[in-house]
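2 protein chains.
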Amino acid sequence: MKTYLDCYPCFLRHGLDAGRIAGLSESQQKRVLNGIMKVLQEMQPEATPPELAQIIHRRIREMTGGADPYKEIKEEQNRLMLSIEESLKKEVEEAPRPLVAALKLAGACNAIDMGPTRTWKTPEELIHQLRNPNLDHFEERQLLDCLTKARNLLYVADNAGEIVGDKILLSILKREMPIDITVAVRGAPILNDANVEDAIKTGIDRLGNVITTGSDAPGAILSGCSQDFMENFETADVVIAKGQGNYEALEGCKKEDLFFLLQVKCGVVARDLGTSEGKITLRKNRPGL
Amino acid sequence: MKTYLDCYPCFLRHGLDAGRIAGLSESQQKRVLNGIMKVLQEMQPEATPPELAQIIHRRIREMTGGADPYKEIKEEQNRLMLSIEESLKKEVEEAPRPLVAALKLAGACNAIDMGPTRTWKTPEELIHQLRNPNLDHFEERQLLDCLTKARNLLYVADNAGEIVGDKILLSILKREMPIDITVAVRGAPILNDANVEDAIKTGIDRLGNVITTGSDAPGAILSGCSQDFMENFETADVVIAKGQGNYEALEGCKKEDLFFLLQVKCGVVARDLGTSEGKITLRKNRPGL
Numbered sequence: 001m002k003t004y005l006d007c008y009p010c011f012l013r014h015g016l017d018a019g020r021i022a023g024l025s026e027s028q029q030k031r032v033l034n035g036i037m038k039v040l041q042e043m044q045p046e047a048t049p050p051e052l053a054q055i056i057h058r059r060i061r062e063m064t065g066g067a068d069p070y071k072e073i074k075e076e077q078n079r080l081m082l083s084i085e086e087s088l089k090k091e092v093e094e095a096p097r098p099l100v101a102a103l104k105l106a107g108a109c110n111a112i113d114m115g116p117t118r119t120w121k122t123p124e125e126l127i128h129q130l131r132n133p134n135l136d137h138f139e140e141r142q143l144l145d146c147l148t149k150a151r152n153l154l155y156v157a158d159n160a161g162e163i164v165g166d167k168i169l170l171s172i173l174k175r176e177m178p179i180d181i182t183v184a185v186r187g188a189p190i191l192n193d194a195n196v197e198d199a200i201k202t203g204i205d206r207l208g209n210v211i212t213t214g215s216d217a218p219g220a221i222l223s224g225c226s227q228d229f230m231e232n233f234e235t236a237d238v239v240i241a242k243g244q245g246n247y248e249a250l251e252g253c254k255k256e257d258l259f260f261l262l263q264v265k266c267g268v269v270a271r272d273l274g275t276s277e278g279k280i281t282l283r284k285n286r287p288g289l
Numbered sequence: 001m002k003t004y005l006d007c008y009p010c011f012l013r014h015g016l017d018a019g020r021i022a023g024l025s026e027s028q029q030k031r032v033l034n035g036i037m038k039v040l041q042e043m044q045p046e047a048t049p050p051e052l053a054q055i056i057h058r059r060i061r062e063m064t065g066g067a068d069p070y071k072e073i074k075e076e077q078n079r080l081m082l083s084i085e086e087s088l089k090k091e092v093e094e095a096p097r098p099l100v101a102a103l104k105l106a107g108a109c110n111a112i113d114m115g116p117t118r119t120w121k122t123p124e125e126l127i128h129q130l131r132n133p134n135l136d137h138f139e140e141r142q143l144l145d146c147l148t149k150a151r152n153l154l155y156v157a158d159n160a161g162e163i164v165g166d167k168i169l170l171s172i173l174k175r176e177m178p179i180d181i182t183v184a185v186r187g188a189p190i191l192n193d194a195n196v197e198d199a200i201k202t203g204i205d206r207l208g209n210v211i212t213t214g215s216d217a218p219g220a221i222l223s224g225c226s227q228d229f230m231e232n233f234e235t236a237d238v239v240i241a242k243g244q245g246n247y248e249a250l251e252g253c254k255k256e257d258l259f260f261l262l263q264v265k266c267g268v269v270a271r272d273l274g275t276s277e278g279k280i281t282l283r284k285n286r287p288g289l
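Each protein sequence line maps, in turn, to chains A and B.
The numbering used here numbers the first residue of the first sequence as 1 and each following residue consecutively.
The numbering used here numbers the first residue of the second sequence as 1 and each following residue consecutively.
The set of hints was computed from the structure by calculation and includes no laboratory data.
A few of these clues could be false.
Claimed, not checked - In silico DSSO-like links for lysine-lysine, alpha-carbon gap of 27 Å or less:
| no. | chain 1 | residue 1 | chain 2 | residue 2 |
| --- | --- | --- | --- | --- |
| 1 | A | 2 | A | 30 |
| 2 | B | 201 | B | 121 |
| 3 | B | 279 | B | 90 |
| 4 | A | 2 | A | 284 |
| 5 | B | 30 | A | 2 |
| 6 | A | 149 | A | 38 |
| 7 | A | 279 | B | 71 |
| 8 | A | 255 | A | 2 |
| 9 | B | 149 | B | 121 |
| 10 | B | 279 | A | 121 |
| 11 | B | 30 | A | 30 |
| 12 | B | 201 | B | 89 |
| 13 | B | 90 | B | 201 |
| 14 | B | 89 | B | 38 |
| 15 | A | 38 | B | 2 |
| 16 | A | 121 | A | 89 |
| 17 | B | 201 | B | 71 |
| 18 | A | 30 | B | 2 |
| 19 | B | 149 | B | 174 |
| 20 | A | 38 | B | 89 |
| 21 | B | 2 | B | 38 |
| 22 | B | 71 | A | 2 |
| 23 | B | 30 | A | 38 |
| 24 | A | 30 | B | 38 |
| 25 | A | 90 | A | 279 |
Required output: the full structure, derived from the provided sequences and hints.
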């Protein structure tokens, strides 16, 4: 997805939030904003939002000496989700179609975000959302058809915490279908996106081979991904890409059996997807669009 | 009030909204955003938000050949308020203290804004707000004390439509106190701020001498105001300045008996005033703060 003009104010707000989470001084925050504005003025028209977010967060990390400002937030999110994993899994197992229920749960877990405005404040609100996902355009039949024929799946994860929901989905999928699973996480700290250590801490690594995108972008921008990731991406029979960042980076790319599972978190993506903010949606990629 | 870093994203959103209201093409909107970012990068640290808004709107008017993009919006707002003027006035007259009720009404009318996010969508919602003002820190006693001793008042108006509420206040004030009234409106089109033609259309000119700030800024930035305005400002026994733009431009200036009457429309001003968004507040200036 290209960067729309409506994304510009959002990038400044995002950079300011991130700078504050990183503990930058006001003059450093101002330098971050000036840097973002310089990038926005000079950017190529086809640049995607995750490319810009990558630049913004690199600059913030440089200013903080390379530390990961979201480390504690991610640990808290993993902890919270692990503490309710069993009860969520039980609900999914008791649903009439556990695999579909797990897909909806995994989509709802995309609410655990730090980028655009969060739609929940307390753990209770989050749990309520996970149990009552606000769905729209949920193409589960198309995805299940593809999965039935597939031998392997590449699952491109998004956030820490959220991957506990992904783990529930993949454990049920693995039980119901004879499919090889590869889970891709980000190659370096970026926002609250899941890295290898989050995959290990939450135990999703026990369900499939864990690789990384090889990049510190908050979305799998193919031109910046490692050869290992690209080989997995190109040879996967099915790809499920979680979250808005992966949607923004991958929508319209050549891959046929690629599905986006996300919560829509801003008006720009809502318009792009023909839905509204807050909805959990599952869409098949439309190559070349 | 200085421009806070939180104002930066808001300026881009504001510029984009204004560009769209003015009917600019996408590439023109992009030029507006680039221009705003250039200004923000180069601005003096003490520049106030209305100074930046002035620059943004000048640029948009240049691009549209000098037309006023808010002309129709202002006419509609004047029409709406004139259509309910009599019923609002009747309610105020029937209140136990009509002058205080009129002050609250005039404050509530500041909801008729086009700058930051509007807190109403339909005329019904607006009327409900006008009749049930959400007040906080309403220093009416201090203002009434000053007015009782004063011989003349300078009333610095804010928006079109809103000035019908100002007119109701000034008519009751004039009846209850022997005071000379001067009403200042903006010197040129800027946002939906009231100009001389709005003063005449709504009949507020029948209650006092109408002057202008001599400027196209959406707030009375003293360094940009005309000599006529400055003389009125300096010699006025009491000044009432309406709206967030006038607050941002004038708070902390040397004038002693200066009162701000506004609806708080963003988190930055809310913090600056120690209140919360949406509140209608009346505050005495604190010179030098």
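If you draw a straight line from the CA of residue 149 of chain A to the CA of residue 38 of chain A, is it 27 Å or shorter? Violated. Residue 149 of chain A to residue 38 of chain A sits at ~48 Å, over the 27 Å cutoff.
Between residue 89 of chain B and residue 38 of chain B, does the CA-CA distance stay at or below 27 Å? 47 Å, violated
Given pair status - residue 30 of chain A, residue 30 of chain B, alpha carbons within 27 Å: The given pair, whose Cα atoms are some 22 Å apart, holds under the 27 Å limit.
Run the distance test for residue 279 of chain B versus residue 121 of chain A: straight-line Cα separation, threshold 27 Å. 23 Å, holds
Please verify whether residue 121 of chain A and residue 89 of chain A have alpha carbons no more than 27 Å apart. This hinted pair holds, its Cα atoms lying about 23 Å apart.
Hinted pair residue 38 of chain A and residue 89 of chain B, Cα distance within 27 Å: With Cα atoms ~52 Å apart, residue 38 of chain A and residue 89 of chain B exceed 27 Å; violated.
Residue 30 of chain A and residue 2 of chain B: Cα distance at most 27 Å? 14 Å, holds
27 Å Cα cutoff - pair residue 90 of chain A, residue 279 of chain A: 24 Å, holds
Residue 71 of chain B and residue 2 of chain A: Cα distance at most 27 Å? 34 Å, violated
Does residue 30 of chain B pair with residue 38 of chain A here, judged by a C-alpha cut-off of 27 Å? 14 Å, holds
Could you grab the alpha-carbon distance between residue 2 of chain A and residue 30 of chain A and see if it respects the 27 Å cut-off? Answer holds: residue 2 of chain A to residue 30 of chain A is near 26 Å, not above 27 Å.
Holds or violated: are the alpha carbons of residue 201 of chain B and residue 89 of chain B at most 27 Å from each other? 18 Å, holds
Violation of the numbered hints given earlier is confined to hints 6, 7, 9, 14, 20 and 22; the remaining hints are satisfied by the structure.
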